[in-house]
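Participant: If you read the sequence shown in the UniProt record's numbering, its first letter stands for residue 1, the second for the next number, and so on.
Because the hints were derived from the structure by calculation, they are not lab data.
Please note that the accuracy of each hint is not assured.
What the hints assert, rightly or not - Label-pair restraints from in silico Cβ distances:
id : residue 1 : residue 2 : range
1  : Leu225    : Ala618    : 39 to 49 angstroms
2  : Gly271    : Pro488    : 26 to 36 angstroms
3  : Glu416    : Asp218    : 18 to 28 angstroms
4  : Lys31     : Pro144    : 44 to 54 angstroms
5  : Pro295    : Pro412    : 17 to 27 angstroms
6  : Ala242    : Ala414    : 50 to 60 angstroms
7  : Pro107    : Val446    : 45 to 55 angstroms
8  : Asp513    : Leu225    : 23 to 33 angstroms
9  : His15     : Asp406    : 24 to 34 angstroms
Note that the Cβ used here is the ideal one computed from N, Cα and C, for glycine as well.
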Amino acid sequence: MTPATATDPRSDLAHAYEAAMRHLASVQSAKGALGGEVIWNPMLVCQYVIACHVLGRPIDPERRRRIRLALERQVRDDGGWGMHPDSDSWLFHTTLCYVALRLLGHPPDDPLAAGALRWIRAHGGVTKNPTWGRIWLALLGLYPWQCVQPILPEMWLLPDATPVHPRRLYCHMRLIYLGLSYLYGARVQAPDSPVLRDIRDELYDRGYDRAPFRAHRDDIAATDLYEAPGAGLRAAFAAMRALDRVAPGLVRKRALARAIEHVLFELRSTGHVCLSPVNGLLFNLALHHHDARHPERDQAFRGLEYWFWEDDEDGTRICGARSDIWDTSFLLQAVCEGPRSDVGEGLARRAAAWLVTAQIRDDIPGGAEHYREPADGGWGFADERHPWPVSDCTAEALEALIHCADHRLAEPLARERQLAALRFVLRRQNEDGGFGSYEPRRGSLVLKHFNPAEIYGNCMLEYSYSECTASCVRGLALARRHLGDAVPPGLAADVDGAIERGVAFLLRAQHPDGGWLGFWGINFTYGTFFAVHALLAAGLPRQHPAIRRAVAWLVRHQRRDGGWGESFEGLLDGRDVQLPAHEPSLVAQTAWAVLTLMAAETAEEGPAIERAIAYIRARQQPDGSWPRERASGVFFNTAVLDYDLYRQIFPAWALARRLGRAAE
Numbered sequence: 001m002t003p004a005t006a007t008d009p010r011s012d013l014a015h016a017y018e019a020a021m022r023h024l025a026s027v028q029s030a031k032g033a034l035g036g037e038v039i040w041n042p043m044l045v046c047q048y049v050i051a052c053h054v055l056g057r058p059i060d061p062e063r064r065r066r067i068r069l070a071l072e073r074q075v076r077d078d079g080g081w082g083m084h085p086d087s088d089s090w091l092f093h094t095t096l097c098y099v100a101l102r103l104l105g106h107p108p109d110d111p112l113a114a115g116a117l118r119w120i121r122a123h124g125g126v127t128k129n130p131t132w133g134r135i136w137l138a139l140l141g142l143y144p145w146q147c148v149q150p151i152l153p154e155m156w157l158l159p160d161a162t163p164v165h166p167r168r169l170y171c172h173m174r175l176i177y178l179g180l181s182y183l184y185g186a187r188v189q190a191p192d193s194p195v196l197r198d199i200r201d202e203l204y205d206r207g208y209d210r211a212p213f214r215a216h217r218d219d220i221a222a223t224d225l226y227e228a229p230g231a232g233l234r235a236a237f238a239a240m241r242a243l244d245r246v247a248p249g250l251v252r253k254r255a256l257a258r259a260i261e262h263v264l265f266e267l268r269s270t271g272h273v274c275l276s277p278v279n280g281l282l283f284n285l286a287l288h289h290h291d292a293r294h295p296e297r298d299q300a301f302r303g304l305e306y307w308f309w310e311d312d313e314d315g316t317r318i319c320g321a322r323s324d325i326w327d328t329s330f331l332l333q334a335v336c337e338g339p340r341s342d343v344g345e346g347l348a349r350r351a352a353a354w355l356v357t358a359q360i361r362d363d364i365p366g367g368a369e370h371y372r373e374p375a376d377g378g379w380g381f382a383d384e385r386h387p388w389p390v391s392d393c394t395a396e397a398l399e400a401l402i403h404c405a406d407h408r409l410a411e412p413l414a415r416e417r418q419l420a421a422l423r424f425v426l427r428r429q430n431e432d433g434g435f436g437s438y439e440p441r442r443g444s445l446v447l448k449h450f451n452p453a454e455i456y457g458n459c460m461l462e463y464s465y466s467e468c469t470a471s472c473v474r475g476l477a478l479a480r481r482h483l484g485d486a487v488p489p490g491l492a493a494d495v496d497g498a499i500e501r502g503v504a505f506l507l508r509a510q511h512p513d514g515g516w517l518g519f520w521g522i523n524f525t526y527g528t529f530f531a532v533h534a535l536l537a538a539g540l541p542r543q544h545p546a547i548r549r550a551v552a553w554l555v556r557h558q559r560r561d562g563g564w565g566e567s568f569e570g571l572l573d574g575r576d577v578q579l580p581a582h583e584p585s586l587v588a589q590t591a592w593a594v595l596t597l598m599a600a601e602t603a604e605e606g607p608a609i610e611r612a613i614a615y616i617r618a619r620q621q622p623d624g625s626w627p628r629e630r631a632s633g634v635f636f637n638t639a640v641l642d643y644d645l646y647r648q649i650f651p652a653w654a655l656a657r658r659l660g661r662a663a664e
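Please model the entire structure based on the sequences and the hints provided.
Facilitator: Following this line, the structure appears as structure tokens:
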């Protein structure tokens, strides 16, 4: 074979990259965004079924069929359902699925329902459900409200300066507990009915009246328990139960009215889609109880459709989040690093044109009164319909559009809009130099010890996250260089100071072995990907000790097949836990690792990089996509999420960077 006909490795990579671009173009929406499903668990669609029953809203037969299909697709071999695609069965999710199946009209001897009930009985019964499970049962009269841990709406009447005012909580917890406090305070419950009486008899085989509710009030099934209530929280529960018994009716009435004011603000300010489907479902129930003929009742219910994913392959799901802005921003950065490609550049032009429209251009009227941070200049995680902007989403979107303008894939974002984005990001920096997500931290770290959501961890407060901090540092540094003297002197000084404090935070957050712990992804591979890129963007040289320790950590953890693979189990206690040796590496994690190595590359990392690129290329399918694998996203330690486009965008980015570097 002559050199002219020998296989050209660069040509092979170029074909792989072009195929990846074609696949991504095929899933691009008509408006230009790219957003994959954020796959979680059946909790939300089952809560939707329960909510529809309480609200008296029938479910279309086709949707009922697809909900059943989704439960069939997600059931475990033991008959239960779990927290995420890779978890064992949990009591909370299995109980919800059983109740939903019965409310959908499936009999107790239906194979799915019968398997679920056997699992529930084998694991201690429904009395050991976590608090959130008990609440959904109580809404149907299947659990006594008086044995649910108290969630007092009177908390919303406290002065704003109170250290335990709900405004200090992380926004998702704040709004979830806003809805729960109304439902608890009003003791909302569906009218009794034959089907509910049947379900009650089935769940409590020894009789509902004889069920040991009080005996198990503080007990949570071992399958579900992540963070047990401590002595302080148990004492607080006891005090709140006493207050609940003696609270004057007028005070409760005022508290419920105040809660509904916040509920209506959230519905109206988000176009009725709400921050998340969790609080959206709760707010629908609260509004219905407050006024079953409220003029916005139908709008609020239609807002739930924003979160649905439906097809005949996997059925009806409700995603925990939408990720259009997040996914699109990374795709644009990938294309800007890659070789010339008509497909890729066309894809990027459409995506960039849409991304500009998703920036929030005003603050939300009345937001301060309802504890919203200024929003002008920010981008959210979801799309242009979802006005909850986030620090790192803003930084990544800003960086993407700057790169697109530099590569003539988009018109430059107006200077004032770039400056607004800088101001937005700066407002999310915490005193320790790190960055929160939606907001800076508002409450004392003492509150983290009073977590009432036993199934999740680190959910009470905004923290300083390594990944958010890294995105913000990188975005600020790029915009500062790009805008130069166009940044007003005072703002420039603030940006420079924020970058310096952010870098210091990241250096302190590095683990001794060289990695950074992730919070929103699995795990050290994810955190290290963001941190190294940020430190380099801020001006640290590749030879900086922190960079070299990170590179060494990555090289040590490269697996025999050339890739990387961490297990979600490491998130439970902050450890580095690798996948079993017999499992293949994960393409998304491999892409994070090799992108990091290429960014910090010296001659020593060349072999590791080539092995990783070869693994990514070998895993690619003929249509240019990469196959489904273990999930790599996460929140609150236990809630693992499968971002459908992570395993498409990040491998394509790795190919783009390798091809781009080869052309240098």
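Participant: Look at each hint and say if it fits the structure.
Facilitator: Taking the hints in turn, this is what the structure says about them:
no.: 1; hint: Leu225 - Ala618: 39 to 49 angstroms; result: holds, 41 angstroms
no.: 2; hint: Gly271 - Pro488: 26 to 36 angstroms; result: holds, 33 angstroms
no.: 3; hint: Glu416 - Asp218: 18 to 28 angstroms; result: violated, 55 angstroms
no.: 4; hint: Lys31 - Pro144: 44 to 54 angstroms; result: holds, 48 angstroms
no.: 5; hint: Pro295 - Pro412: 17 to 27 angstroms; result: violated, 43 angstroms
no.: 6; hint: Ala242 - Ala414: 50 to 60 angstroms; result: holds, 57 angstroms
no.: 7; hint: Pro107 - Val446: 45 to 55 angstroms; result: holds, 50 angstroms
no.: 8; hint: Asp513 - Leu225: 23 to 33 angstroms; result: holds, 29 angstroms
no.: 9; hint: His15 - Asp406: 24 to 34 angstroms; result: holds, 26 angstroms
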